[in-house]
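Novice: The task is to assemble the complex, starting from two chains supplied on their own in separate frames and drawing on the hints.
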Amino acid sequence: MVDSHRFLDGVTKRVMRHWSDIRATGSIPWTPLTIPVPQCTIALVSSAALALNSDRPFDLEIERLDPWSSDPSYRVLPRDTRTGEVQICHLHINPAFAKQDLNSVMPLERLVELVALGEVGASAPSHYSYVGYTLRPERLLHETVPSIVQQMKQERVDAVVLVPV
Amino acid sequence: MGLVQCEIEAAGFSTISLSMMPDLTASTGAPRIAAIERPFGLTLGLPGDASGQLAILRATLQALGAISEPGGVVDLPFEWNHEAKLNTHPAQLPPIASYLRRHPWAFPRFFNRTPPEPTASEIP
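Just so you know, the protein sequences line up as chains H and R, in that order.
With our numbering, letter number 160 in the first sequence gets 160, and the count goes up by one each step, no holes.
With our numbering, letter number 82 in the second sequence gets 82, and the count goes up by one each step, no holes.
Don't read these hints as lab results, they were simulated from the structure.
Glycine is no exception: its CB is placed at the ideal position from the N, C-alpha and C atoms.
Treat the hints loosely; a few may be bogus.
Stretches of chain H that chain R covers, calculated by requiring three or more beta carbons in the stretch to come under 8 Å of a beta carbon on chain R [said to hold, decoys possible]: (1) 50–59; (2) 65–77; (3) 87–93; (4) 97–109; (5) 121–128; (6) 134–148; (7) 154–164.
Cβ-to-Cβ under 10 Å is the rule here; a few derived chain H residues that face chain R [what the hints assert, rightly or not]: (8) R17; (9) L33; (10) C40; (11) D80.
Chain R with its partners taken away, still in its complex shape (with noise of 0.2 Å):
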């Protein structure tokens, strides 16, 4: 998300993304991260929590108008104490997951961030 927020921001538009993983976000050089604290796929909370999900875009917005510096972090107060166990997995393993258990000799492509160059066919 960070390095399509970087593109964006510096096509002339000021940017800011709400993310569960703010180190990583950081570290591809976002100009402005509102940091939170949420499972994946609930970036907002809980379907239904109209007024959760509102508070967090408000909180959002006023963070990029706060945020006076290039990677800026605001730590959003809003603590997740959910206590019901969410199932937040996919139904099926996603296919890099599923080809490193049938490949682990390739995990310190993935470790690394250095995925072999496609083949032709795999082109799309």
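For reference, chain H alone in the conformation it holds in the complex (with noise of 0.2 Å):
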């Protein structure tokens, strides 16, 4: 059994487990997966706030001004970014392993062995990466993730691995 607190320590595993007891309401939202995964297009979504070195970075003074708070926009990462070609703008993790090798955070480069194993269908052209810590998440839920949806839809995306830092 996984133990969700095991890296945590003491005042903020407290902070976890009672975060974990505020249990959302209403139904859980459910898109069946309707074809096989060898047949999928894949994207990935990183919490890890990654842009490419060519991009704009994350605003951390948003943060750094309001610590409730953080940047609330994303970043495109087209499926070739490799290790090197981005920059980690998360201020609650070492960067340092994303830096050595991005897919400790980001598993691009496994999802296309994936696809050249015939495992799945294809990496989508686009992934994406947002700051994973606010505790005001309105805009990125009510703003940012309809764009990265509709850019999904548009690149025919048919399902979507998320990965936290």
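Specialist: Structure below.
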């Protein structure tokens, strides 16, 4: 059984246990997977705040000025993005591991390998990242996610793997 | 992550979260979870461990196909036995941790996820 709190210190563990007890109301959304994974086009979504070096970085000043919030925007990572081509703009993790190997948090190369092995239909042209920390998620959910969803629809994505950090 | 997952699922995509805190992800009403024990910043394991990363992604996608009920959770069978002490913390305290040290009376707001209304200057 996976221990949700194995790597947390005392206070954080207490907070996360309490947050886990705050249950969402309403029904769980459900879109059945109607085609086998080996025929699916898959997109990855990472909360590691990854941005191409050539792209605008996430605005860390938002969180520094107001620690309850963070930059609610997102960045696109093309499927051929590799380690060294991205910056990590996340203030809650040690970015050293992802800088060494992007696949530790965003397994784009591993996804391409599964496509080559015939275990996945295709890697979507675009993958996505946002800042995973915020206590004010409204703009993220109501502005950012709809934009991501629109692009996923245009690229005929079938299924999405979300990878937190 | 679970909140974002729910929005994407509701928009018509089948989704799964590879979660290191499955209890927290499940509390959001996430439709599918592949649970894994990994330190923060190392969701798919150590840098350079391509075979380990591949196995985790493969198992996650198998769980995507296997979970047939909303809220289904699959515990992935990958133990974390790395002996060496890894520094998974950022170089500086996250802003909220630093803020709460300076404003300990705000801790109940953090604990209960009831942030204050942003001031006009804070709205980006």
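Novice: Which of the numbered hints above does this structure break?
Specialist: Hint check: 1, 5 and 11 fail, others pass.
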